[in-house]
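There are 2 protein chains.
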Amino acid sequence: MDVLRIPSVSTDPEHKADMVRQAEWIRARLERAGAPVADIVPTAGHPLVIGRWNVNDDKPTVLIYGHYDVQPADPLELWETPPFEPSIRDGYVYARGSADMKANLVATIQAVEALAAQYGQPPVNLIFLYEGEEEVGSSNLYAYLAEHGGDVACDIVISADSGFPAVDVPGFFVALKGMCGCQIDIKTGETDLHSGGYGAAVPNANQVLAQLAATFHDDEGRVAIEGFYDRVAELTESDRAEIVQASAVQQDVIAESGAYALWGEPGYSPAERIYGRPTLDINGMWGGFTGEGAKTVTPCEAHIKITCRLVPDQDPMEILELIEAHVRKNLSPGVQASFQRKQGIAYPYTIPRDNWALQRAASVISDLYAASPVFFRVGGSVPVTSEFKRYLDVETVSLGFFQPGTPIHAPNEWFRLNDLPMAQRGYAAVIEALGE
Amino acid sequence: MDVLRIPSVSTDPEHKADMVRQAEWIRARLERAGAPVADIVPTAGHPLVIGRWNVNDDKPTVLIYGHYDVQPADPLELWETPPFEPSIRDGYVYARGSADMKANLVATIQAVEALAAQYGQPPVNLIFLYEGEEEVGSSNLYAYLAEHGGDVACDIVISADSGFPAVDVPGFFVALKGMCGCQIDIKTGETDLHSGGYGAAVPNANQVLAQLAATFHDDEGRVAIEGFYDRVAELTESDRAEIVQASAVQQDVIAESGAYALWGEPGYSPAERIYGRPTLDINGMWGGFTGEGAKTVTPCEAHIKITCRLVPDQDPMEILELIEAHVRKNLSPGVQASFQRKQGIAYPYTIPRDNWALQRAASVISDLYAASPVFFRVGGSVPVTSEFKRYLDVETVSLGFFQPGTPIHAPNEWFRLNDLPMAQRGYAAVIEALGE
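Chains as they are written, first to last, in this note's numbering: chain F, 344 to 779; chain X, 344 to 779.
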């Protein structure tokens, strides 16, 4: 429970000392579990905690990934009990960071501790890599991987930053979308103008932007950026079957969306669109007078923020270039556009379903729960998986034990107490299987 | 000068007493000029000042229109001398309301006073109608015209709320655009959604709005609302000639616009577009996340504010209905749109160029300045002219004497002192001509 008392809010500079305390807590816990190496590794931001436990050069090396930072707890008034004073009620512990992801993190250490107690040492070589900046983009982890990737070379990554696809249904994240985005600023002149005096004879930046934004999709819902789909790996029959299977147990995201209608790329089911097809979203758009009442202005500036969710084998940097080329091609003469690329791109990631580690992990989780684990995809982006692929050239098995429904970035986040020993047993079983 | 010392700012409730003082000042000035009737007429807002001077039932009745309210003086720090302490420098008087339009207003009274002194009484029957709410929409004047129009029945209106089309070039406003507008609120669902979890499968309100807004114009710049041009009186050869003639002396609005390019309806010159063709402007547009950085949201709401500038014989109410029908027709299923109509519509107005009063006025102004006055149009809207047409069924001759370049709604507004006696002589000559 102590781990839940430290407010390791990575985004808030006031918690800088708490981040150090939290890192030290984990380092000490690793040491207590028996890890021969357990270090705090400073970065430009919050420190990494890196542990090592080499047992046998003939055994595979498994890197266990997690993060010890948490989302801010605001709005505080909506918490039934204080976010950093863990409260147990009816078999659940309520605390910020309980599900995302301190319970899983501690369970990985407990699992190794238990294996070492049972066999004298772990059954594989282990690297523990816990970062403190997942909630703020992981840029210093990536910098570390870029510079010191060789120090954490491994055969497989187990990411504990995950949860169950449905209540009491275990599963593995097998595909995550990539992401890129930009803000486009349109300028048609040096100053906003009176619509009566000028509106008929000069471009209106809002109109230019609307007409431009309307070219991003075709009438049916396909992204109409030239080249956007060129590298997309078409969904196979087995991909479609996997999505159907996962959808059968996953929450009905559409029903709970509050949307009045479905929409999207023709030829694909809503689940296929969300889990298997790339998208372009207009996250924000603004220009001219947006206050109460009316102002008869012909604005000279308008702005749009877009992000794309990407699938294999799209390249986020290339997609940004395609978008910029599309915009330049579609601009009228005398209209200026500038581009600000969003920080924190993500490459799409998918683990081959026949990956040795995934198969062994699935097998032991199946035994543990007496139920086949679900291979499920998320529409969101967890860039660390693709970054491990990029820098370490290894696949990542994503396995975590929080139940869906816990409000991981909202008040009253919880973790079910019974899931903690199951998580420990689950991670131990997987690590043991990887050593066989 | 006293008239310029009263801060008659109609929009500011703190100046309510000043508005009454200003109205009383004008009433007293009318009385001093000899008007047999000079009344303060209360309204739901600031009072009207109404004077009457009937001389002979065989003579035409001329209504002189003006307004005694002024724009706020902010930003005060940009005034070289205080806005309500008139300062004379190099032949100009600097004060808020000097050009717009206290000098003209006083000149109309002086003109009548001079005519009465010369001939014993004015050469026509006169109604003086001065309002205190022109800068805030004139709604109480319109209410008065709707209810008591018969009390101010007349043969012609002279509006003194005008200026010269070019420095030292006299002229008459002959056409003013109408206006209507609305805000359209698009809703695609009950809540903003995570673009990864939902973006591929539900409508994005920003995208819906952009695609909708892009249908307002065709690719070449015509308004593409069905029926929009149906009632537009096509520009005749003489209209085009008039616009060319006026453009030759008017300021080059395009050159000073700061716009990087021209734009607009094909088949018409920029001046023809501004002065003779209707337009639709997107004044404001917004939806989703518009702050710093990125937020991967699929928004459920987006908003747009539009106004149209209209020409004869378009009807603003009908145009609003056409826009709403266009929007409804172009919405995808499951997208909701609501409409808020802008307050203060304006009908387009144009005075027939062969109107007897306009012709006589042009003739005497030509003599006074030894130069042909210019018939010029404005792209903006001065609704009072069309309201006189609507409620009193009379035409309005717009004649005023401020020079272009004076910042009528900005700091350091000025009126050239030499223009005051010219204004008085000009109004007197026109009134005299109308009595012949």
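Just so you know, these hints were derived from the structure itself, not from any lab. Certain hints may be false.
To be verified - Not the full set, but computed from the structure, chain X residues with beta-carbon under 8 Å of chain F: (1) Y462; (2) D624; (3) F632; (4) K638.
From the three backbone atoms N, C-alpha and C, an ideal C-beta is built for every residue, glycine too.
Hints, verified against the model:
1. Y462: Because about 41 Å separates Y462(X) from the closest Cβ in chain F, which is outside the 8 Å limit, the hint is violated.
2. D624: This hint holds: D624(X) lies near chain F, its Cβ roughly 4 Å from the closest one there, short of 8 Å.
3. F632: 4 Å, holds
4. K638: The hint holds - K638(X) has a Cβ within 8 Å of chain F, the shortest such distance being about 6 Å.
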